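Build the full structure now, drawing on both the sequences and the hints.
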Amino acid sequence: MSDLFEFVLRLGDDALVAAQRLAEWTSRAPEMEEDVALANIALDQLGAARLLLSYAGELEGAGRDEDALAYLRGDREFRNCLLVELPNGDFAVTMAKLFLLAAYQRIRYDRLVTSTDERLAAIAAKARKESAYHVDHAALWVRRLGDGTEESHRRMQAAVDEVWPYTHELFTTDESAARLAEQGVAAAPSTLRDEWLGAVEPVLATATLTRPADGWAPGGGREGVHTEHLSYLLAEMQVLHRAHPGARW
Amino acid sequence: MSERTDLSPLWEVFVRARRGLSHNHVGSLHAPDAELALRNARDLYTRRQEGVSIWVVPAGAITASSPDEKDAFFDPAADKVYRHPTFYEVPDGVAHL
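If you're matching them up, the sequences are chains A and B in order. Counting from 1 along the first sequence, just add 58 to a position and that's the residue number in our numbering. Counting from 1 along the second sequence, just add 13 to a position and that's the residue number in our numbering.
Source of the hints: derived by calculation from the structure; they are not laboratory data. None of these values were measured; they are calculated from a predicted model. Here a beta-carbon is modelled for each residue, glycine too, at the ideal position from N, C-alpha and C. Careful, some of the hints might be misleading.
Stated by the list, open to error - In silico SDA-like pairs for lysine to any residue, Cα to Cα no more than 25 Å straight-line:
#, chain 1, residue 1, chain 2, residue 2
1, A, K184, A, V243
2, A, K184, B, D56
3, A, K187, B, V28
4, A, K184, B, R61
5, A, K184, B, Q62
6, A, K184, B, L57
7, A, K187, B, T59
8, A, K187, B, R31
9, A, K187, B, G33
10, A, K187, B, A30
11, A, K187, B, R32
12, A, K184, A, G105
13, A, K187, B, I67
14, A, K187, B, R29
Stated by the list, open to error - Now the in silico label distances, taken between C-beta atoms and shown as ranges:
#, chain 1, residue 1, chain 2, residue 2, range
15, B, S66, A, K184, 19 to 25 Å
16, B, S66, A, A216, 38 to 44 Å
17, B, D84, A, T266, 55 to 61 Å
18, A, E259, B, D81, 56 to 62 Å
19, A, P270, B, R60, 33 to 39 Å
20, A, H287, B, S41, 37 to 43 Å
21, A, P270, B, S41, 38 to 44 Å
22, B, E48, A, G242, 36 to 42 Å
23, A, R237, B, A72, 57 to 63 Å
Dropping the structure here:
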């Protein structure tokens, strides 16, 4: 399995699973306008996932297209980070997940624009504008809830505390990622964390939230070792394609 | 949902398209403040197109002319021809008028 295929799959799976989780909010958001905003972000993530998974399929050269990669892989074959597969929880948990993920995606795509891989650079150029909007939107809610009522502050702090450990995985550099960095295709994940902290910490401070301490750092998503949540998510997402494999829609 | 009206008042949205000359009223929405009203308007009415200008105004800040008074309001102009520029004859040879 080539390093580039692996990398594109990881990015694509992050976007795909994040889109699936956000779509679960449809018609259940606290406000009608927020409902539209979450659906918008889900659609952006899905769009990025399609571009990335299509490209991954081409890189693999085994005849798998975006649909085959999305619908016909088991959880052990998914390469998304654990952060995106966590349940939505309350609105605060969803915003914490989205904020921390989108801040990472924006930096990731920003750097990829100058990648030596032209296709990846083109996908990143499109996706980074969307990511900027996602960060903006989630940051607004993190501040609003953190600096809102006593109850919303409590929930927002609990949400950040809950998902913070899962962000470490975003910045773990394994051998495959290290080789890609050497080739100038994609910066090593570990080199992105300072910039990410620079984007995330001021928002938490403005929101009167305490930045959680670094400690427990669950991982495994990049190797296909997921939490118990992913297989349920996939069962729902893939049910139709599993029942009617090869069907066209 | 009377509770919602307090938390999220009504906003009127005006959009000027990328190549448009003026802002046009496109609709309204509920939002807790101007910042969120702007973001919601971007999603609801512009599909986040680039180069679009959006104005949001709290509906309470708009004063409208009253339909009941419309005769008194708009009538005086109709029967006074000197109020219309067409009353004046344009001399021959005047260009760009």
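- Message: Next pair to validate is K184(A) with L57(B); report whether the Cα-Cα distance is within 25 Å.
- Response: OK: K184(A) and L57(B) at ~21 Å, within 25 Å.
- Query: Given the hint that K187(A) pairs with T59(B), does the C-alpha gap stay at or below 25 Å?
  - Reply: Judged against 25 Å, a Cα distance of about 16 Å means the pair holds.
- Item | Status of the given 57 to 63 Å range, CB of A72(B) versus CB of R237(A) | holds (58 Å)
- Take a look at whether the Cβ-Cβ distance between P270(A) and S41(B) falls inside 38 to 44 Å. holds (40 Å)
- Query: Taking the beta carbons of P270(A) and R60(B), is their distance inside 33 to 39 Å?
  - Reply: holds (36 Å)
- Message: For the hint 56 to 62 Å, verify it against the beta carbon of E259(A) and that of D81(B).
- Response: The hinted range 56 to 62 Å holds for E259(A) and D81(B), with Cβ atoms some 58 Å apart.
- Honestly, do S66(B) and A216(A) meet the 38 to 44 Å range at C-beta? At 40 Å between Cβs, range holds.
- Item | Proposed proximity, R32(B) with K187(A) (alpha carbon, max 25 Å) | The given pair, whose Cα atoms are some 21 Å apart, holds under the 25 Å limit.
- Query: Taken at face value, is the distance from the CA of R31(B) to the CA of K187(A) at most 25 Å?
  - Reply: Holds. K187(A) to R31(B) sits at ~18 Å (cutoff 25 Å).
- Item | Agreement of K187(A) and A30(B) with the hint, judged by alpha carbon distance not exceeding 25 Å | holds (20 Å)
- Query: Do the alpha carbons of K187(A) and V28(B) lie within 25 Å of each other, as the hint requires?
  - Reply: Roughly 21 Å between the alpha carbons, so the hint for K187(A) and V28(B) holds.
- Query: Given a hinted range of 36 to 42 Å, is it respected by the beta-carbon distance of E48(B) and G242(A)?
  - Reply: At 40 Å between Cβs, range holds.
When each numbered hint is compared with the structure, no violation occurs for any of them.
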